[in-house]
Each structure stands twice: as structure tokens, then as C-alpha cells.
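Using the sequences plus the hints, can you model the full thing?
Residue numbers (the working numbering), protein chains in the order written: chain C, 1 to 368; chain R, 1001 to 1331.
No lab work stands behind these hints: they were computed from the structure.
This list has only true hints and no planted wrong ones.
Here are the simulated DSS-like cross-link-like pairs (lysine-lysine), alpha carbons at most 27 Å apart as the crow flies:
1) R:Lys1097 with C:Lys218
2) C:Lys317 with C:Lys274
3) R:Lys1078 with C:Lys359
4) C:Lys353 with R:Lys1078
5) C:Lys46 with C:Lys95
6) C:Lys264 with C:Lys317
7) R:Lys1284 with C:Lys2
8) R:Lys1234 with R:Lys1056
9) R:Lys1208 with R:Lys1056
10) C:Lys265 with C:Lys317
11) C:Lys3 with C:Lys70
12) C:Lys317 with C:Lys353
13) C:Lys218 with C:Lys353
14) C:Lys285 with C:Lys265
15) C:Lys55 with C:Lys70
16) C:Lys285 with C:Lys269
17) C:Lys218 with C:Lys269
18) C:Lys285 with C:Lys218
19) C:Lys218 with C:Lys317
20) C:Lys264 with C:Lys353
21) C:Lys285 with C:Lys359
22) C:Lys2 with C:Lys43
23) R:Lys1284 with C:Lys3
24) C:Lys359 with R:Lys1097
25) C:Lys353 with R:Lys1097
26) C:Lys218 with R:Lys1078
27) R:Lys1284 with C:Lys55
These stretches of chain R come out as covered by chain C in the derived footprint (C-beta under 8 Å, 3 or more residues):
28) 1102 to 1109
29) 1115 to 1126
30) 1299 to 1305
Glycine included, C-beta positions come from ideal geometry on N, C-alpha and C.
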Amino acid sequence: MKKVIGLIVNPVAGMGGSVGLKGTDGPMYEKALELGAKPVAAKRTKDLLSHIERKDEITLLVAPGNMGEKYVRGYDIAFTVIGTAGSETSAEDTKRISDEMANSGVELLIFVGGDGTARDICDAVNSRVPVVAVPAGVKVFSSVFAVSSRRAAEMVDAFVEGSDVSEEEVLDIDEDAFREDRLASRLYGHLLVPAVPRFLQPGKAGSSISRSSVESKKEIAAYVVEEMDAETLYLLGPGTTLRAITDEMALPKTLLGVDAVFGKKLVGKDLNEKGILGLLREYEKRRIIVTPIGGNGFIFGRGSKQFTPEVIEQVGKANIMVVGTRDKVSELDCLRVDSGDLELDEILSGYVKVTVGYKEGMMVEVRC
Amino acid sequence: MLRETIKLDMNEMPYLPPQEIIDAAQKGLSRLNRYSDPQDLERLRELLADYSGVAKESIILSPGSDFLLREVIHTLAKSRKVVMVSPSFFPTVQAAKDFATERLSIRLSPPRFDLNLDLLLNALAEPSLVIIDNPNNPTGSTLLDRQAVETLVDSTDALLVIDEAYYEFSGVTFADMVQNCPDLAITRTMDKAFSLAGARVAYAVAGKAFLDALSSFYALLPQSSLYAAMEALKGPDYVRRNVQRVIEERERVWRTLNELGAHVHQSTTNFLLMRTEIRDAVSKFRGIGILVSDLSNQLPPGFIRVSIGTREENDAFITGYLTIREAYELG
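Set out below in C-alpha cells:
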């Protein structure tokens, strides 16, 4: 029985890069065209298709025209077209057609694009169908992306072979900041991908949903809560490991945001920088608890822009607690910081103790 | 005809021991209905003490160093924090997970995998049991020198175990320090350099604190293992010769692979740590009949550990690597 796999391409993704723009969102696409931008996604799609080995074992459900259909001929892969789109495509087309694909029973959805496309897929498909994300955008920071088209093809093969899936992150990049050459991001959501982390972009490993991972997070949470000081304000960063900590206290958690806990009670929810700084004025003792982004190891600078340099400086390096499962940390070369303040990054560099289990720590190098 | 599998996954010596050692083991098998003779156990302790240049009383025998290290952790980790490096000899990691109430590991970061000694010293403020494999398995790096060990035993109250499983290859040992350092123990094995992996003879050169704590530990070794080990210790020249051959081969393989653009870490053992982009490298090598070690439970993706075999086996590995890499690059 052949696997039914969806393929959807954002044809304008990545066009801004070669002409010095930082994306093709909204009016930037027109500007990119004026500046002579060439399509990127078409080549990436063809690279992907030419490297899939298990062609005989799949059938593609492709988006129409330049969103997929245009590229799939000549690769000996059976395909059917689904959905409709005009000559000028939009985010709404991506959302609508990927939703149709999910409803049609695709077992895997391949999409070609950047972070913006990933967010559209996240909105439309969420965790209903695992995805393989082919990097073609100017902004490709989300860890859902394969490191290249060829690795994406290998991930498709791995899925066909029956690999497990793991949860990976989709980032929301601040467009205006990005155009000023500053990277500011927050976690937008999660997608499921075939569990072959070494093919994900620098070196994302993802939030495993295996039973052992869940148990490890519970172990970490039990220890952290047991050690919590009643007089200290805890600022909990994004991620499922942090959610395990609030679960342990029977508190809600903003999965993609920063929450604050004092005396095992929630005193701040989905805080932005201003909200955090306000709390820091109220509470004398405070700690930040964060978990590294799986695979690339960022503890600051990706996925948690609420922890700005000012916030981190006010809390102090000594009051930063890092938590993460042993498996997640073992897959990292090191932890990383990219707060946006080079001096602060230097201060944060060195070794930090990561809580990886109940009364179990690992001293891990932080690099910037 | 089926191709014979090339075993480069367990860090074994590729050469058989001399025939007289095999004969000795067979003699032991002829007494298969009997437990080992306690006098033979004492004799093996004497021979190991002579070999190591230490007192016989400091020798503890064990069927494999993993078994011994597990016993050390089981006995001493109830009231002490276990401090290790990561990655490390995996059975020790597992034993710490099973028995230790509190654990701290110091991550050795790629690409150099150095141990930050200050970090280690700072971690020993409370009662601790430190276990470090030196050279480290799987990186192959020698982590501690004599000055570092002296600093550790002089400036902390920690119990320190140094696993010297690959001592004969690295030439680095601190066994002579045990007599004056009651908190120090060295574990060693005859599995590797002595070509006796099948006999499973390991031992500790243990300081007083360890001898006291492990006083009730008594491990019988099979008679065949005892005889083989005693025969091997009568004339260990073959060990020196084989170790030298392995070291020469290790350097040749390391040099060749690096010239071919592979990322291979310098080693002081009988194995090499390699980082590769090849997808599922371990299974691809298995597919061409070469077994290498998968390290995905301790290191980032892409690391494999390759034991040094005979020249022919090593050449087969290098050729196999090139074939797999070429196929991978062609997509």
C-alpha cells in the first residue's frame, strides 16, 4: 500500500534573499520582483523530488500550478492534484490547500518555504499530520526544517520506512527587527516531523514525545518544585519541560510564553518584557528557568524573546536555572546564547549546570 | 559463501593470545564441574600485583571491570554524590543511574572533549564518588595527568576511581599512587591489551577506603579464565608487541581518514571516535559486514566509535567508509 504524501510549495519563498531583502512577506514580494528576484522554491522542490529513493512506495497529492503540480512531472512519482489557486498565491492558499490535504487523509505533508510558510502550515494542520519542511525561505529559523532539500528527501524516505515522529518547533520571527538585522523570535507552535533529528537544521533534535522523555520531564519537574524557595519569583520560559514543572504544581502554563510563579501560585501569565520588568521591581529574589531548544541548544535568543538582555541582566547569571532531559542535552554539542547583547552573551558563556533528572545535573558549556 | 563479519565495535584486541594461553584456558575447562581454586585466585592477585607494581593486598579481582565498577557504585553511592564525565563508559553511566541518589556529570564538549579540571574540583564540595575513565571511552582522550590526580586527591575528600581499561595503550597510570592515597582506586582489565575479552578478568588496585568498603566483595572467576590470565601474566611480551601493532595501525588509520577528509579524534586507546554526516552510518557499515559502535545515546548525532583491528580489517573499514560516503554524496 503506497503512502499518500501531500506536497505544497510556497513559490515566492526565498526570493528576497538574493536581492538583499529579508523576506517576501506581504509587499516585500513585489519589491523583490522589482529588484529582479529569481524563484528559489522551484529548485528546492526539484532537488527534493530527485533525491527521494522510495518513489515506488509513495503517491503524491500536490497543490495546483506553481504551488506543486508544476514541478512533479518527470520524477516517476505518481501524483494527483488537489485544490485550486490563482496565478498569484497567498498565505491563505497555503492554509486552505494544506487543510484540504489533511482532510483527504495524507499521511505526511511536505512543504517548501520559510518560517512564514511553516506558521501557515502550523495554523492549518497543527499536529494532525507529520510534515517534512524543505528550507526555501529567507528566514528559516524554525527547527522543523531539514538542513537541506536532500536531507528532506531522506526524511521522507525515513517516514516511508516507518520512522517515529517527534515534535519540533515553529518560530515566529519579528519581521521589522529582522529587517534591521536583529533576530528576535518567539515560539509560535509545534509540528510533528519524522524522528531523524540529524537531518534537521542546525542540529535541532526536538521535543521528544516518547514515554521516557515524558518520564524524564516529570523527574526534572519533581526535583525543581521540591527545591523551589517560597520567597523567590520564578520566571518560567517556554517549552514542554517547563510545562511539566507547572503541571507538577497543578498550574496552567503558556506553552509558548513566559509565566511567573511565586509561592507555587501563578502571578504572571504570558508575560512580555514590560510585564517581566514590572514583576522584577516587585520581587527581590527571582530566578529564570529555561530549557534549551532541542538540537541547536539556544537557551536565550531563540524562542523566548521576552527574556531580553535587560531582563537577564536584572535577574543575574547566578539565578538562571537550565533544565532539559538527558537525551536532549546529550544530543547537543553545547548550549548557546544569542541575546542580542554581545557583552551579555560573553558573561553567559562558560559552564552551566543543567538539571537533567531528579537530583541529576550535567555541567554543560555555553557558547555564544 | 558468506562474508565474515569484521568486528570493530567492542574495542577487542584483534589478535589471539599465544597458544600456551589458549591451552591453559582449555586446561581450566577440563575442570568444568569444579569452582575455582582459592589458591589460584591468590596466585592471580600476586601476579597482577607484580605486573602493576603494587602490593597484593590492594588487588581486588572481578569478572569484568563493568561488574566491579557497578559494585563500587552500589556500595559507595548511597551517601555520596556520583561525579562523572559525559560521555563515559556506558555501563558505569547506567550503574550510576541505577544506584546513585545524586549524580553530576561534566560534559566533554566536541570537538576537543577536554576536561575542565576547575569545574571538576568545584563540584566536589560535598561528599563525592568520582569515576573517570582515563583514557575516556568513547572519545579516546587522556583526560587526567599526574598533576591533576594529585590535585584531586590532595584538595578534596572525594573518593576517586580512575578506570584504566586502556592503560597499556595510553601508557598513563596512577596505580603507583594508590599506596599513599587511601581514597584512590584504579580499575583495569585484561580484556583488551591481553587479548582475553572472552575470559573477563578485571581487577582494581584499591586504596584503603575502597578495600574497607568492598571487604565483603568476593568474585569467583571461572577456572579457565584464571588459568589463561595467570599464563598471560607469566610472559606479557606478546601484550607489548600487540599493543605496539595496534598503536601503529591506529595512527595509520587516523592519518588516512583525516587525509580523506573525515573528522577523526586523536586517540590514546585502541579505538577512534569519528564524526560523520553519513545518515545511519552504523547500519550502513553493518550492511557491508563491518560492525562499529553507535554512540547516539551519549553524543550528538553522527558520532561512531571504531575499534582498531588488523591491518586488513582496518583497510576494509577505510574502503567501506569511502564506498558508503560516495554513495551518500551521490544521493
